[in-house]
Amino acid sequence: EPEVTQTPSHQVTQMGQEVILRCVPISNHLYFYWYRQILGQKVEFLVSFYNNEISEKSEIFDDQFSVERPDGSNFTLKIRSTKLEDSAMYFCADTPLGGSHGYTFGSGTRLTVV
Amino acid sequence: DQQVKQNSPSLSVQEGRISILNCDYTNSMFDYFLWYKKYPAEGPTFLISISSIKDKNEDGRFTVFLNKSAKHLSLHIVPSQPGDSAVYFCAAGIRSGGSNYKLTFGKGTLLTVNP
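Heads up: the protein sequence lines correspond to chains A and B, in order.
One point on numbering: in our numbering, the residue at position 46 of the first sequence is 48, and numbering is uninterrupted.
One point on numbering: in our numbering, the residue at position 95 of the second sequence is 77, and numbering is uninterrupted.
Careful, some of the hints might be misleading.
To be verified - Cβ-Cβ distance ranges computed for the label pairs, FRET-style:
| # | chain 1 | residue 1 | chain 2 | residue 2 | range |
| --- | --- | --- | --- | --- | --- |
| 1 | B | K(-13) | A | L86 | 23 to 29 Å |
| 2 | B | S10 | A | N76 | 37 to 43 Å |
| 3 | B | G65 | A | V26 | 24 to 30 Å |
| 4 | A | P72 | B | P61 | 44 to 50 Å |
| 5 | A | S60 | B | N96 | 36 to 42 Å |
| 6 | A | I56 | B | P61 | 43 to 49 Å |
| 7 | A | L86 | B | N96 | 37 to 43 Å |
| 8 | A | N53 | B | K50 | 31 to 37 Å |
| 9 | A | V14 | B | Q(-15) | 30 to 36 Å |
| 10 | A | N54 | B | K50 | 33 to 39 Å |
Just so you know, the hints here were simulated from the structure itself, not pulled from any lab data.
For each residue, glycine too, the CB sits at the ideal point set by N, CA and C.
Work out the full structure: start from the sequences and follow the hints.
Printed below as a string of structure tokens:
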């Protein structure tokens, strides 16, 4: 069964450093998303991406965050200057056009900012 | 801003019995509801969905019920199996604008099915 692949599975970074989280969506899916889950809290929407541009973003997704699809396959989330409160599980997800089965989520990247 | 609420953080049931997970929402614009299951160190896995034009959807052991007037949905698992032990998330979205929709999640309910 097709799956969404995320790398790395765990990233430790120092506060103030830049991190890039990578995702390889399912090849024929068109809508891409990033969500995050801070430990013990709910899964939160960050951003949605379609046709090479952001279609919606949450208030969490401030100027420190950016997304791009640099080569037509990978979908990346960049955090320019990490803060301690950015520590969370980050999930990439996608849906096909007209999908009726919800999102397909990746297994997540655990980001730890120290 | 808890638009989607799962008031029970945990639920424990015996194998073979019914598990009932509940979810309430406040945004009447939501027209699409989903349940996800999540194991530790994995991403959420889609289980079952229901659109607002229906009040019930069934898939094998899983049934989702939607009560729009009460803004309440529930997931029934019968019979429950030990492998069902996981965190279950309720999620809601607005699909009427097209296929691109964001989901609002509840905090999750940890289901433990005892052998």
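Practice task
Go ahead and decide if the range 31 to 37 Å is satisfied by the Cβ distance of A:N53 to B:K50.
Solution key: holds, 33 Å
Exercise for the section: Note whether the CB distance of B:G65 and A:V26 lies within 24 to 30 Å or breaks it. Expected result: Distance hint for B:G65, A:V26 holds at roughly 28 Å.
Practice task
Return holds or violated for the Cβ distance of A:L86 and B:N96 against the range 37 to 43 Å.
Solution key: Taking Cβ atoms as reference, A:L86 and B:N96 lie about 38 Å apart, which means the hint holds.
Problem - C-beta pair A:S60, B:N96: status relative to the range 36 to 42 Å that was hinted - result: holds, 38 Å
Exercise for the section: Could you say whether the range 37 to 43 Å given as a hint is met by the Cβ separation of B:S10 and A:N76? Expected result: holds, 38 Å
Exercise for the section: Given the hint of 23 to 29 Å, check if B:K(-13) and A:L86 actually sit that far apart at their C-beta atoms. Expected result: holds, 28 Å
Problem - Distance restraint evaluation - A:I56, B:P61, Cβ atoms, bounds 43 to 49 Å - result: holds, 44 Å
Practice task
For the range 30 to 36 Å, tell me whether the beta carbons of A:V14 and B:Q(-15) fit it or not.
Solution key: Holds: the Cβ-Cβ distance is about 33 Å, inside 30 to 36 Å.
Practice task
Can you let me know if the beta-carbon spacing of A:N54 and B:K50 is within 33 to 39 Å?
Solution key: holds, 37 Å
Practice task
Can you let me know if the beta-carbon spacing of A:P72 and B:P61 is within 44 to 50 Å?
Solution key: At roughly 48 Å between Cβ atoms, B:P61 and A:P72 fall inside 44 to 50 Å, so the hint holds.
Checked against the numbered hints given earlier, this structure breaks none of them.
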